[in-house]
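Undergrad: Sequence:
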Amino acid sequence: MKALTLALMSCMTILTLFSLTSFGMSVVNTPPPARRPAGAVEKHASGGRWYFAATGHAIYCYGPVMTVPQANGDLQRVATFCRDGSAVVPLKD
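In terms of my numbering, the sequence shown opens at residue 670 and continues consecutively.
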């Protein structure tokens, strides 16, 4: 009976030490989350340019200007990969 109690206590001690060690290791090894101010604009590739959108607003885009066909057959100039997250923005001619 004494041997069983001693073995049980040793096992519990080892498990407790292991759980404390693994808990401490997980807290120490995890990097803190990246902190950014609210509303921060993500960095994009340099070399963008300002364009005049068809809506009447100025917009800053990084991609090339392309000509795409419209549903009625006309061609529309568009700027691509803009700062506001739009993939394609129609331009004012």
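Do not rely on the hints blindly, as some may be mistaken.
Unchecked claim - Ranges between beta-carbon positions, derived for each pair:
hint, residue 1, residue 2, range
1, D762, A703, 38 to 44 Å
2, A703, R752, 39 to 45 Å
3, T749, L684, 55 to 61 Å
4, P700, T724, 37 to 43 Å
5, M681, A756, 56 to 62 Å
6, Y729, T699, 33 to 39 Å
7, K761, P702, 40 to 46 Å
8, T685, S715, 53 to 59 Å
9, N741, G717, 29 to 35 Å
10, G717, P738, 21 to 27 Å
If you are wondering where the hints come from, they were derived from the structure by calculation, not from laboratory data.
Yeah, the Cβ is synthetic: ideal placement off N, Cα and C, and Gly gets one too.
Undergrad: Taking the hints in turn, state whether each one holds.
TA: Cross-check of the supplied hints:
A hinted range of 38 to 44 Å holds for the C-beta pair D762 and A703, which are about 42 Å apart. The hint said 39 to 45 Å for the Cβ distance between A703 and R752, and at roughly 21 Å that hint is violated. Checking the proposed 55 to 61 Å range against T749 and L684 shows it holds: the Cβ atoms sit about 59 Å from each other. The hint said 37 to 43 Å for the Cβ distance between P700 and T724, and at roughly 42 Å that hint holds.
With their beta carbons about 60 Å apart, M681 and A756 fall inside the hinted range of 56 to 62 Å. Between Y729 and T699 the beta carbons are some 37 Å apart, a value that agrees with the proposed interval 33 to 39 Å. For the pair K761 and P702, the beta carbons lie near 42 Å from each other, so the given range of 40 to 46 Å is met. For the pair T685 and S715, the supplied restraint of 53 to 59 Å holds, since their beta-carbon distance comes to about 55 Å.
Taking the beta carbon of each, N741 and G717 are about 30 Å apart, inside 29 to 35 Å as hinted. G717 and P738 have their C-beta atoms about 25 Å apart, which keeps the hinted 21 to 27 Å range intact.
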